[in-house]
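Starting from the known structure of chain G, fit chain S onto it as the hints suggest.
2 protein chains.
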Amino acid sequence: MKYINTDHLRFLLYEVHNAEELLQYERFQAFDKEAFDMMLDTAKDLADKEFFPYYVAMDTDPVRYEDGKVIAHPQLKNIIKKSAEIGWIGASFDEAHGGMQLPNTVFGAADLILNAANNSAVGYLGLTSGAARLIASFGEQSLYDTYVPKMMAGDWMGSMALTEPQAGSSLSDITTSATPTDDGHYLIKGQKIFISGGDHQCADNFVHLMLARIEGAPAGTKGISLFVVPKYRPEADGSLTPNDVTTVADFQKMGQRGYATTHLMMGEKEDCRGWLVGQPHLGLKYMFQMMNAARIEVGLSATGTASGAYYASLLYAQERAQGRRLSKDGRKNPSQEPTLIINHPDVRRMLFLQKAIVEGAMSLLLDCTKMHDMADVSEGEEAEKYHLLLELLTPIAKTYPSEMGKVAIDNGLQVLGGYGYCMDFPLQQYYRDIRIMTLYEGTTGIQSLDLLGRKITMKNGAALQLLMDEVQQTMEAAMMYEELKPYVKQLGEKLAVTQQVLQHLMPYAMQGNHERFLADATLFMEMASTIVVAWQWLKMGTAAKKAMLAGGGAQSNEFYASKLHTMKFFFKYELPKTLTHAHVLMDNEVLTIVGEEELIR
Amino acid sequence: MKYINTDHLRFLLYEVHNAEELLQYERFQAFDKEAFDMMLDTAKDLADKEFFPYYVAMDTDPVRYEDGKVIAHPQLKNIIKKSAEIGWIGASFDEAHGGMQLPNTVFGAADLILNAANNSAVGYLGLTSGAARLIASFGEQSLYDTYVPKMMAGDWMGSMALTEPQAGSSLSDITTSATPTDDGHYLIKGQKIFISGGDHQCADNFVHLMLARIEGAPAGTKGISLFVVPKYRPEADGSLTPNDVTTVADFQKMGQRGYATTHLMMGEKEDCRGWLVGQPHLGLKYMFQMMNAARIEVGLSATGTASGAYYASLLYAQERAQGRRLSKDGRKNPSQEPTLIINHPDVRRMLFLQKAIVEGAMSLLLDCTKMHDMADVSEGEEAEKYHLLLELLTPIAKTYPSEMGKVAIDNGLQVLGGYGYCMDFPLQQYYRDIRIMTLYEGTTGIQSLDLLGRKITMKNGAALQLLMDEVQQTMEAAMMYEELKPYVKQLGEKLAVTQQVLQHLMPYAMQGNHERFLADATLFMEMASTIVVAWQWLKMGTAAKKAMLAGGGAQSNEFYASKLHTMKFFFKYELPKTLTHAHVLMDNEVLTIVGEEELIR
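Line order of the protein sequences matches chains G and S. This note's numbering applies: residue 1 is where the first sequence begins, and numbers increase by one. This note's numbering applies: residue 1001 is where the second sequence begins, and numbers increase by one.
For the record, the hints were derived by calculation from the structure and aren't laboratory data. Among the hints, erroneous ones may be present.
[Said to hold, decoys possible] Dumping the calculated DSS-like pairs for lysine-lysine here, alpha-carbon to alpha-carbon at most 27 Å:
1) G:Lys328 x S:Lys1459
2) G:Lys222 x S:Lys1328
3) S:Lys1081 x S:Lys1002
4) G:Lys285 x G:Lys222
5) G:Lys150 x G:Lys49
6) S:Lys1577 x G:Lys568
7) G:Lys332 x S:Lys1285
8) G:Lys285 x S:Lys1577
9) G:Lys577 x S:Lys1489
10) S:Lys1150 x S:Lys1077
11) G:Lys459 x S:Lys1328
12) S:Lys1150 x S:Lys1082
13) G:Lys2 x G:Lys459
14) G:Lys577 x S:Lys1328
15) G:Lys285 x S:Lys1328
Source: prediction; values computed, not measured.
The following block holds chain G by itself, in its conformation from the complex (with noise of 0.2 Å):
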């Protein structure tokens, strides 16, 4: 079952992303190189058997609203149950909190083999992960004690409710209330939409971590807490009592039809009662913990997605033959035996450029969550750095591959012809699924304007100035290679392009033209996302050579020379890009900025 290749994720692991160096920290001394083997053997053996044989199935049997209820594919029970067997839903959780401290490097390797095996089913254990991190790392101790353990065990599941039908992206409008009562908690009174994972039949309560404002708090996103509501309210004696807490729908999608998507209202009876997370007003500041990861998550989503394409993609290409090879007088020689399709070269570049995408994504995912693990381990000025590079790569991690992992699943299905667009083949489902990548947890849009207008100023261009510094090691390390150097240089003039583009841009902030600023900032992030890409895969080509090399490596020579290939290909293909997007960003028209209503008709 060929969905994902984890010979590149411990290419990853353990050639480029140094996770060995992991092991000389405290935090991991639990761990070594064959306890991170062993957790990529056992993910994928469980994705082998439980997640990917029901890929399909969950798509064509979705979830469905029933009478009030929320029925989603049996599968998900064992799912949850197996899953929540191997410790997953607390693997990376401080060992306080019941985790195994696994990094997250090793569990985001993890987490591609079950997302690319099955994207649906990863949400509903991404979710309650989240939220019972949110409630052990903010909440009290009698919060955690009722709800983590039960969580981790898969009994109970979690979700993440902000999402107000009037309000949409714009968190500051709403308008959940919570009003204090004197037995401790609040009584709670709104609609949330859009709730992943927020109700089914294969769990016994649903922990919701919701956003609200409490009576009197400021306006915006300064008033905004943090409460724990339970469909369910546990008792002391164990028992549960309804919470007022209704799904009113599952919103019918597109793709991801495994996976529920609901609406939820809660106080209808006035009796729905919510525990504050934390201080008031600081909901945003928690919310965002759970928010950053569930970005870097849903990168590994659309990377794992693209991945099962990509490799359902290549099968067939290796098996069908049609068609046969030009000759020299350009024709087609209609005695010979038909080629198979992998053969022709507009197939061949489909293919390169899904693979070009998957891996570089890939090594985009886990460098950032490395660089996670090392903030984790680090102090003072280390653990800043590699703090703010993460916030730097984090809107990247996110978009690129929900972006550029649309693009690469579309060539995946043109791959197949009329076959793609079929129900037959998975293709038009992986095509499917993909495309709520880059609306979850921050459409495109909004994770650009965070790259451009947050990220890249934040403490005087602090983070970028990090990132060229990472760049810049790694360009050196590739200078020792002679078949790498031009595109050492590649990449290092797309690095000054940069700087032209943010210098030609800057001006406008600090003229307090924010609008203009920010009007492309869209296109600022596809060439930014493009020449980390591209810096990604320079580090995968100086690995690879360095192997090749010394000989005996971990791979095969053709592995890492496919690696090679892949690399060239991405800095033909894809880096040239950039091109485009200096020319247009760098260009004085304004078109798009609001003053001319009447055009648009």
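Frame of chain G; chain S shown alone:
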């Protein structure tokens, strides 16, 4: 019901492409401008009443296969009947063939309306029209009398039966056989897949225009003949006898779920009769008449679909309030009322991008249909000129709307955020529907090989030279207006770059290295089609500028200002993509030609 802007169609017909010029020719003497307008009004009325209201229903209640029968949405019966009543199926046929001799230009504009309203429904009509025209053009009178009047009345439907399971896009490998009998017909045996509109309950008979190989025919495409193979064969007494054509399946697709896609088996009982159309072994030549028309039809369908999606997302953006405009300090003031999302620059960019793609594609398609008409009414060198231009532009007119319409709808879906992904809004349906367009009638890869490998090089580049002359004329007209001069300059630069790219690539063809010459044909297509649509926008910009300065034009000044603005948008955001295309196409590194199979893994 806004799914298309008919004012834009009138602007294209009368102010950009001068459809009134056609009225001076004898072929079109039955018409005047009012008759053209009436055709558009009739199509809009038909689309409003019979097409658009069933767009969603034909998706949610899709074509299904039950007990050997194909069941389409019952509304299809009305759609066929009402369309036939207004003479739609033979509208552009010669009067001698029972048609109206409506110019293709006007028919194309009307066809855009129907496709914008309901793309699945139009296919049934288009294929019936194309099949009837093939019989009328190349068949004997007896075939014409037997089939064409019934088809034009909408009682019988037509199909185009080319693809076979083992051959896919490679027509030289088809194996369906035709064995001559002494009774003037042939016995047909074989199977055909992906036969659009090949069977359903809403017509009495199906007339398949089928490619097959007469016993002993030469190998390859030179041995293919064209047959009429009906589902029921009409007897002398007017009764219908089953003709041993069995529908064994209806392919279930991701989109266009209202459009039947059948799998046909012929001759299981050795009793499937086919009647030869024209001469033996010339089948592919005849079929190309239908295929070329079908390629333009796919362009119209893709463009119409993207038009429907554009207006759905525009409507949403004009009604949905969310977030606030950025203030001088770069912050959002939560005490302000939320603004309409159309006021966010990123949303405006996504809307203008859709508009630029949709309206640009419409202009290109109507330019092509006008060339078709001019080729029909001209003689000698003039006719040859239009014929060559149409040959060159057809693969672009098929591919640009299919590929970029997909991008347009992707942006339309993004405008709606999470709602765009939900089945309650139509964006996801447009997104699924349009995805087939790059596969129909020759994939993008095949169209690109046709463009670079055949059309550019044919007659020593004569067609390309003619196109360059046309663009030059547009540029000269635009030079009259100061405001347009910068765009003339940009387009001129792009023509020069195209020449450079071709000078770089042609030597490979001359050296017999056709694989290398054509390896990146798809990128050449992207570049060429972007430049061609920029040419169309300069035409539109010039017409708009002219009308604004003259005053009292057919449309409002705001309408013309919107055209100019969108032209500028296309030149700013889309045309610079050719910087990247040219860069990649002139790169000498070879990475996608076979010889390195092991590199893809």
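Cross-check of the supplied hints:
1. G:Lys328 x S:Lys1459: It holds: about 20 Å lies between the C-alpha atoms, which stays within 27 Å.
2. G:Lys222 x S:Lys1328: holds, 20 Å
3. S:Lys1081 x S:Lys1002: Holds. Lys1081 (chain S) to Lys1002 (chain S) sits at ~24 Å (cutoff 27 Å).
4. G:Lys285 x G:Lys222: holds, 9 Å
5. G:Lys150 x G:Lys49: holds, 24 Å
6. S:Lys1577 x G:Lys568: Roughly 21 Å between the alpha carbons, so the hint for Lys1577 (chain S) and Lys568 (chain G) holds.
7. G:Lys332 x S:Lys1285: holds, 18 Å
8. G:Lys285 x S:Lys1577: Given pair Lys285 (chain G), Lys1577 (chain S) is violated - Cα atoms ~40 Å apart, limit 27 Å.
9. G:Lys577 x S:Lys1489: Within the cut-off at roughly 22 Å; holds.
10. S:Lys1150 x S:Lys1077: Holds, at roughly 15 Å.
11. G:Lys459 x S:Lys1328: holds, 20 Å
12. S:Lys1150 x S:Lys1082: holds, 15 Å
13. G:Lys2 x G:Lys459: violated, 45 Å
14. G:Lys577 x S:Lys1328: violated, 32 Å
15. G:Lys285 x S:Lys1328: holds, 25 Å
When held up to the earlier numbered hints, the structure conflicts with 8, 13, 14 and fits the remainder.
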